[in-house]
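Please work from the sequences and hints to get the whole structure.
Just so we're aligned, residue 30 is where the sequence shown starts under the numbering used here, counting upward by one.
The hints are all genuine.
With a straight-line cut-off of 25 Å between C-alpha atoms, the simulated SDA-like cross-links for lysine to any residue are:
(1) K163 - N243
(2) K155 - T232
(3) K95 - S236
(4) K163 - Y222
(5) K163 - P225
(6) K76 - V126
(7) K120 - G161
(8) K163 - L87
(9) K131 - C166
(10) K120 - Y70
(11) K204 - T83
(12) K155 - T168
(13) K120 - Y203
(14) K120 - S214
(15) K155 - A230
FYI, nobody ran anything at the bench for these hints, they're computed from the structure. None of these values were measured; they are calculated from a predicted model.
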Amino acid sequence: MSRQTLKRFGRDGRGIAIIEFALILPLLLTLSAVTFDLVRYVIYMRKLELAASTLADLVARNDTGKITQTDILAISRSQLVMFPEAMSAAKDANVSVWTLLKWSLSGVQFTPTVAGCTSNCTYTPKVVWTSGQKRSCTTPPVAAPNTAGPSPTTLPSDTFGPGFLVVADVVFSYKPLILQSVVGSIDIAKSFYFAPRYVTAITFDPSGGSTSANACP
Numbered sequence: 030m031s032r033q034t035l036k037r038f039g040r041d042g043r044g045i046a047i048i049e050f051a052l053i054l055p056l057l058l059t060l061s062a063v064t065f066d067l068v069r070y071v072i073y074m075r076k077l078e079l080a081a082s083t084l085a086d087l088v089a090r091n092d093t094g095k096i097t098q099t100d101i102l103a104i105s106r107s108q109l110v111m112f113p114e115a116m117s118a119a120k121d122a123n124v125s126v127w128t129l130l131k132w133s134l135s136g137v138q139f140t141p142t143v144a145g146c147t148s149n150c151t152y153t154p155k156v157v158w159t160s161g162q163k164r165s166c167t168t169p170p171v172a173a174p175n176t177a178g179p180s181p182t183t184l185p186s187d188t189f190g191p192g193f194l195v196v197a198d199v200v201f202s203y204k205p206l207i208l209q210s211v212v213g214s215i216d217i218a219k220s221f222y223f224a225p226r227y228v229t230a231i232t233f234d235p236s237g238g239s240t241s242a243n244a245c246p
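Dropping the structure here:
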């Protein structure tokens, strides 16, 4: 190749632009994929929040003061309406949807820590019935900061007060599309809390079975 040809090649920016594009393309594709995965994660998180809210709200609408295992299992399926992506993820992974989407519904009764207290009372929670993954019947939930993440062993401090509380806990095992082999699955957890709308408390009726749900002793 002559010196003149080399000079012309050096002055031609087209080849450099192609090389630069070839170098930056993988980075652009990776950034696009990561952005897509992040948006997908946020969507799943919001859908899971809606599923947990719906579970607690449906139980809180009970107007008889009693709930059966049959009622609870029917209500639990509402998650799949609010969060149909869970079924798609389970199908892709060839597993049951309930392997990826774990839930519990519980009834919590608060009573004054000091019997007979009438003002400025502190309250102790007790799980009186639970279902699904189930909260502990023997260990009372402890107060946690309102900004703390959901946990089956805690309740937000703002929920501590007189009365009854319906608690819904939902956890979804999220698998990223990118770097799945590195990070594995990520648990997204959401909990919601509602007081009964029409009754003062909701008790568990074992007439519908007690394998997936039970009253606490």
